[in-house]
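If you read the sequences in order, they're chains A, B, C and D.
Here the numbering used here = 1-based position in the first sequence + 64.
Here the numbering used here = 1-based position in the second sequence + 64.
Here the numbering used here = 1-based position in the third sequence + 64.
Here the numbering used here = 1-based position in the fourth sequence + 64.
Hints in this document: simulated from the structure, not taken from any laboratory.
If you're wondering where the values come from, they're calculated on a predicted model, not measured in any experiment.
A couple of the hints might just be wrong.
No distinction is drawn between identical chains; accordingly, a pair holds when it is met within one copy or between any pair of copies.
[As the list claims (entries may be wrong)] Subject to a maximum C-alpha distance of 25 Å in a straight line, what follows is the list of computed DSS-like cross-link-like pairs (lysine-lysine): (1) K81 with K382; (2) K278 with K113; (3) K176 with K74; (4) K242 with K230; (5) K218 with K168; (6) K168 with K299; (7) K74 with K168; (8) K230 with K106; (9) K299 with K278; (10) K81 with K384; (11) K144 with K76; (12) K106 with K201; (13) K384 with K118.
Protein chains: 4
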Amino acid sequence: MNKDKKEYPKVKPIDLKDDYSIENLIEEFQQSGVFGPGRVGKAVDIYAKMIKEKAVIFLGLAGALVPGGMRQIITEMIRKEMVHVIVSTGANITHDIIEAVGGKHLRQIPYKSDKELREKSIDRIYDAFVDDESFMKLEDNLRPIFEDIWNNHKDENNSLTLPSYKWLELIGERINDKNSFVRTAYEKKVPIFVPAISDSILGLHMWLFSQTHKILIDDLADLGKVQQLAWDANKAGTLFLGGGVPKNYIFQSRLMSPKSFDYAIQITMDRVETGGLSGASLEEAISWGKVDEESSMVTVIADITLVLPLIYAGTLAKTK
Amino acid sequence: MNKDKKEYPKVKPIDLKDDYSIENLIEEFQQSGVFGPGRVGKAVDIYAKMIKEKAVIFLGLAGALVPGGMRQIITEMIRKEMVHVIVSTGANITHDIIEAVGGKHLRQIPYKSDKELREKSIDRIYDAFVDDESFMKLEDNLRPIFEDIWNNHKDENNSLTLPSYKWLELIGERINDKNSFVRTAYEKKVPIFVPAISDSILGLHMWLFSQTHKILIDDLADLGKVQQLAWDANKAGTLFLGGGVPKNYIFQSRLMSPKSFDYAIQITMDRVETGGLSGASLEEAISWGKVDEESSMVTVIADITLVLPLIYAGTLAKTK
Amino acid sequence: MNKDKKEYPKVKPIDLKDDYSIENLIEEFQQSGVFGPGRVGKAVDIYAKMIKEKAVIFLGLAGALVPGGMRQIITEMIRKEMVHVIVSTGANITHDIIEAVGGKHLRQIPYKSDKELREKSIDRIYDAFVDDESFMKLEDNLRPIFEDIWNNHKDENNSLTLPSYKWLELIGERINDKNSFVRTAYEKKVPIFVPAISDSILGLHMWLFSQTHKILIDDLADLGKVQQLAWDANKAGTLFLGGGVPKNYIFQSRLMSPKSFDYAIQITMDRVETGGLSGASLEEAISWGKVDEESSMVTVIADITLVLPLIYAGTLAKTK
Amino acid sequence: MNKDKKEYPKVKPIDLKDDYSIENLIEEFQQSGVFGPGRVGKAVDIYAKMIKEKAVIFLGLAGALVPGGMRQIITEMIRKEMVHVIVSTGANITHDIIEAVGGKHLRQIPYKSDKELREKSIDRIYDAFVDDESFMKLEDNLRPIFEDIWNNHKDENNSLTLPSYKWLELIGERINDKNSFVRTAYEKKVPIFVPAISDSILGLHMWLFSQTHKILIDDLADLGKVQQLAWDANKAGTLFLGGGVPKNYIFQSRLMSPKSFDYAIQITMDRVETGGLSGASLEEAISWGKVDEESSMVTVIADITLVLPLIYAGTLAKTK
């Protein structure tokens with residue numbers, strides 16, 4: 065008979081009362097401790113630890129986070145200094161600005177086919193929608209922003225070459241919406257890197273502007289900056305909302321640093337078995353020296369929009 | 065320009081305070097209304113509606129729900145009359161009884177390989193564990209339960225033929241644990257059907273007992289009973305925790321009824337594209353006459369253990 | 065510098081000519097050796113080894129295999145003695161018999177909604193279809209089969225109690241279609257266990273028949289038989305097409321044997337992280353003593369209908 | 065009774081002989097016509113149609129395609145003019161060049177933990193591996209390539225600003241390996257766009273070079289070029305191997321064109337329900353005007369490495 069077995073913690077069945085808070089829920093998750101609840105509970109612990117130990121926290125934004133209702137939480141995470149460096153797809157930036165300029169993400173639109181939506185000028189993002197009017201508002205607002213940036217920052221040769229994080233900083237400065245995370249990042253001096261900025265509607269508008277103004281995005285200067293931030297971090301952690309470019313870009317930022325990431329949380333529905341980085345285990349990253357065996361890390365297998373609110377509110381409660 | 069677009073609801077970004085309750089969270093989910101949160105929010109609405117309209121609610125139990133910490137919630141759902149008929153895999157019954165007789169589900173057991181676990185007599189269920197001691201307790205407790213059932217219920221020919229729901233009722237009567245859902249179902253007169261009872265450790269113990277006692281499980285009598293319950297239900301709803309036999313068995317229970325299911329909620333990670341019933345859309349069930357086009361239904365794509373607590377607590381709050 | 069690294073095999077890029085055979089394809093897969101192709105290649109090796117070493121091979125059938133076009137391959141596997149024991153869901157048996165009696169699985173049916181299909185009396189299984197006419201043919205043909213079985217096998221008390229594998233044997237004897245796997249299994253003396261036979265249209269018809277004839281399915285006798293077959297097997301292997309009841313039932317058949325399974329192949333799209341058995345890794349089964357650390361095993365993450373043909377034809381080529 | 069039902073094609077069960085070719089296999093898939101085989105069969109038809117109708121074919125490369133053994137097939141697709149424009153992640157380019165300069169992707173490396181791999185300087189990509197030696201070879205070879213490009217192409221101001229497709233063309237010109245797709249694309253004048261080139265080891269080496277040489281990647285010039293190619297295409301088709309940046313970048317290339325894509329094939333394991341573009345249905349793209357309702361399109365839900373070989377060889381056979 066194996067005596068030490070008695071020492072292992074039990075899976076305490078989750079038990080909830082009507083008036084339980086999210087904090088209570090997370091405690092129940094942590095005492096259950098297995099499957100999805102165990103992973104969410106661990107994510108809260110790791111996130112709280114990152115904050116307490118003053119790690120530099122890198123946030124990766126991929127997938128349809130803004131259309132999926134995550135905009136305010138991202139903004140609050142920046143405002144509450146739960147995040148210090150952001151790497152994003154172009155789409156999330158585009159959709160943040162759309163909301164900032166009065167555009168809308170809609171829902172519960174009945175339709176018979178995507179063709180019907182096309183005829184109504186409504187674009188679909190699974191069960192969220194955005195109408196062409198919103199994209200027109202984006203266009204109307206981006207043009208004067210680009211003009212203003214140009215007028216204030218063009219160099220003596222009548223050209224403007226900036227890394228993406230500088231472009232985002234200057235755009236954020238010109239956005240008038242306290243709920244925008246691009247704006248809030250500007251205010252809180254959180255750099256936003258968008259390595260594939262050209263791969264977005266925002267990028268298309270930059271291209272349009274580039275037809276009449278000599279502008280460039282200096283990707284390599286971005287790389288220098290993000291590596292500097294990673295190098296300078298005594299402790300560093302990362303929260304990956306989805307995979308894609310942001311995940312790889314954040315991980316490679318510390319490849320040349322003497323130290324790897326100390327904490328890593330990823331939320332994804334992608335599978336590990338296809339070999340792609342988006343679904344890759346965090347353990348695999350140990351072999352690359354991106355994280356340490358001693359690093360705290362957890363992968364939550366879930367729709368981000370379902371569990372980010374829990375992890376955010378749980379971490380808030382735990383660190384207040 | 066399409067005027068009526070102004071009428072569509074917006075995706076309201078989820079916004080949470082430190083002290084928010086699960087009820088608040090569900091409200092935020094419902095106002096966001098898309099992706100996973102939209103589905104969970106809709107599941108709460110449908111579940112609350114089922115209860116308010118006094119539907120007969122069929123619960124399907126598949127997957128490792130008890131090792132995954134869902135036992136107490138299932139018990140509470142029965143106790144609070146949120147569930148009226150249960151169809152379960154044999155495994156969930158087995159694990160409920162294991163906990164009832166003092167067995168344990170464990171976690172955070174460090175191990176190098178499954179071989180090491182084998183040597184330690186610990187069985188793994190993803191990141192939950194159960195030791196052979198617990199299975200021995202099960203064995204020690206089931207034997208006298210079977211003896212007692214035999215002594216009280218064998219017929220004049222010294223044999224005992226019962227449908228699974230009767231076996232479960234008699235077992236539940238003999239379980240001394242208020243947190244057991246098998247016990248609670250007995251108390252609340254909620255029948256539990258286990259169509260593949262032989263496909264479980266419980267089934268193996270019944271087989272052992274059958275070597276010395278003439279017992280039979282009358283699957284066809286089960287079928288008659290479950291169809292009667294479905295036929296008699298004025299309104300009927302179903303909550304599928306996973307797919308497998310329970311999902312199909314519940315759906316087919318109303319195939320011969322004049323009416324199909326009025327409400328359906330399923331929680332699953334299985335995919336629709338392989339064609340299997342476990343991942344099949346609820347809409348597909350319309351073509352079979354299992355649900356109506358007018359039925360309220362929603363599929364939540366998530367780890368059951370993560371979202372059942374939310375749906376349960378949200379529905380509680382909404383119906384109190 | 066790590067000298068021994070030179071010894072590891074390379075991932076040879078897959079290279080195909082126009083006229084390559086499936087055998088060539090499998091060889092390319094094996095020389096690439098990673099991700100999906102590596103798994104399929106390993107499955108072929110293990111299957112060929114099972115056959116060469118004269119293992120008793122248990123086949124698990126779950127999911128919509130017959131509507132998905134796998135019927136002939138299953139039949140051929142039985143005919144060619146690549147399979148010796150079958151455990152199936154009731155649905156796969158039902159759909160095999162539907163085709164045997166002239167019913168059809170259809171495709172490319174245009175429809176606007178599942179309601180329209182309902183009105184046309186067509187049932188949908190993802191993108192396959194079966195019409196109510198086929199179910200009527202099933203009914204018309206099952207009734208005389210049950211009558212004939214009854215007349216020939218009822219006991220002196222005017223009742224008939226048989227384990228599912230006996231029911232299937234007697235049904236198979238009465239099916240007149242050489243492409244039916246239920247028929248072919250009868251001919252090749254391959255027992256088919258259907259632990260949840262009541263959970264199917266076939267089961268509903270047995271129930272209907274039971275309203276006028278005293279019939280019973282003896283699940284516990286099935287359990288005795290399958291365990292005997294597992295016990296008697298010197299070497300035993302398993303091929304799981306999907307999870308569900310068949311996977312668990314096969315695995316538990318050797319729980320009481322002195323030996324566990326020597327080979328295991330599973331094909332599934334289910335995920336490991338939810339803790340359910342259908343998606344569970346084969347490695348986890350080591351902790352339960354269902355397979356050995358020394359067992360040859362592989363999980364192929366794919367739509368069964370896509371890779372079973374490759375594994376079947378590849379194994380045929382390798383063992384001819 | 066519905067007469068026209070007789071007209072619908074049947075699901076013909078897949079039937080294979082020992083010596084069947086991949087062409088035969090695809091025919092069987094097409095006659096089965098449902099689930100995965102139906103989708104692969106349709107992909108072959110669409111791909112063959114794209115080629116016959118002389119569409120400009122855009123190929124998206126995401127995920128670990130080269131470590132997963134797809135390098136030769138990509139090269140052959142370029143050589144055989146089955147592909148005319150490529151959009152790739154930086155990683156696939158990096159791994160192609162690694163193999164071109166004598167680096168290796170390995171397999172079947174036994175290890176106890178990723179830490180052990182780290183100590184051995186072996187990086188893991190699921191079950192494929194690449195050693196640091198290979199990365200050193202990459203470094204040793206890239207430096208002189210960059211020097212040579214610099215010497216031949218720097219402008220009068222001692223700087224070099226090029227879009228990614230030009231960088232790739234100049235690199236391809238300097239690669240001495242006929243099996244390299246970067247080289248083959250150069251030879252066949254197939255432009256390769258890498259919108260997030262900085263997000264890769266290749267990008268890191270460009271950054272290193274930029275520390276001593278004034279180089280820039282002109283993302284916006286890339287955007288102009290890809291849109292020109294899309295605009296000029298009379299008919300246009302796309303084959304998405306995975307999602308990510310390549311999928312979005314290809315789709316947005318025709319957003320400003322008068323015409324959308326006429327054909328689209330995507331292979332992915334990503335799910336539709338999370339709302340991210342990688343898993344998004346092709347039908348959703350109709351609402352955006354990226355494809356037409358009349359477009360031929362299909363999504364294959366599978367590990368790319370398993371089905372690309374089938375689709376490639378099947379299309380070859382069909383178009384020879």
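Verification of the hints:
Taking identical chains as interchangeable, the C-alpha atoms of K81 and K382 lie at most 25 Å apart whether they share a chain (20 Å) or sit on different chains (13 Å). In this assembly of identical chains, K278 and K113 lie within 25 Å of each other by CA distance neither inside one copy nor across copies; the values are 45 Å within and 41 Å between. With identical chains, the CA atoms of K176 and K74 are at most 25 Å apart between copies only, with a shortest distance of 20 Å across copies and 50 Å within one. In this assembly of identical chains, the alpha carbons of K242 and K230 lie at most 25 Å apart only when taken from the same copy (19 Å versus 41 Å across copies).
With identical chains, the CA atoms of K218 and K168 are never at most 25 Å apart, being 32 Å at best within one copy and 46 Å at best between copies. Proximity of K168 and K299 under a CA criterion of 25 Å is satisfied in neither setting, with 38 Å inside one chain copy and 34 Å between copies. Within a single copy, K74 and K168 get their C-alpha atoms only as close as 47 Å, which misses the 25 Å cut-off; across copies the closest is 7 Å, which meets it. Taking the closest pair of Cα atoms, K230 and K106 never come within 25 Å of each other, the shortest separation being 35 Å inside a single copy and 42 Å across copies.
Taking the shortest alpha-carbon separations for K299 and K278, neither the intra-copy value of 39 Å nor the inter-copy value of 32 Å comes in at or below 25 Å. Taking CA atoms no more than 25 Å apart as the test, K81 paired with K384 passes in both settings, with 23 Å inside one copy and 11 Å between copies. In this homomeric assembly, K144 and K76 come within 25 Å of each other (Cα to Cα) only across copies, at 21 Å, whereas the closest approach inside a single copy is 33 Å. Taking CA atoms no more than 25 Å apart as the test, K106 paired with K201 passes in neither setting, with 42 Å inside one copy and 32 Å between copies.
Proximity of K384 and K118 under a CA criterion of 25 Å is satisfied intra-copy only: 14 Å inside one chain copy versus 43 Å between copies.
The structure does not agree with the numbered hints 2, 5, 6, 8, 9, 12 stated previously, though it agrees with the rest.
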